[in-house]
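K.L.:
Sequence:
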Amino acid sequence: MERQPASGNWSIDGDEFVVLVNHDAQYAIWPAAKPIPAGWKQAHSPAQKAECLAFVERRWIDMRPGNLPDRPVQR
Numbered sequence: 130m131e132r133q134p135a136s137g138n139w140s141i142d143g144d145e146f147v148v149l150v151n152h153d154a155q156y157a158i159w160p161a162a163k164p165i166p167a168g169w170k171q172a173h174s175p176a177q178k179a180e181c182l183a184f185v186e187r188r189w190i191d192m193r194p195g196n197l198p199d200r201p202v203q204r
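In the numbering used here, the protein residues as written are 130 to 204.
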């Protein structure tokens, strides 16, 4: 059975989250009690939401997917 967060709502700051990263080097905050979705892997241990957001801020410098070639955008 899935554990529900203490708040009953996944968006409350008091709940624990993990940081996930996918093959495109995109990051996501995910409730620690929920199973990790296919295509994602854990990049940070369970922590408070603010700590997870700070981790993403330090790591995710380029918002473009990691599989894009390094060239200017054509308009």
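Please note that a few of the clues may not be correct.
Okay, derived cross-link-like pairs now, EDC-like style, lysine to aspartate or glutamate, Cα gap no bigger than 16 Å in a straight line [stated by the list, open to error]:
| # | residue 1 | residue 2 |
| --- | --- | --- |
| 1 | K178 | D153 |
| 2 | K163 | E186 |
| 3 | K170 | D153 |
| 4 | K163 | E145 |
| 5 | K170 | D144 |
No lab work stands behind these hints, which were simulated from the structure alone.
K.L.:
Each hint: holds or not?
P.N.:
Each hint tested on the structure:
1. K178 x D153: violated (22 Å)
2. K163 x E186: Violated, because 22 Å separates the two Cα atoms, which is more than 16 Å.
3. K170 x D153: Distance of about 12 Å is within 16 Å: holds.
4. K163 x E145: Distance ~10 Å between K163 and E145 Cα, so the pair holds.
5. K170 x D144: Violated, at about 20 Å.
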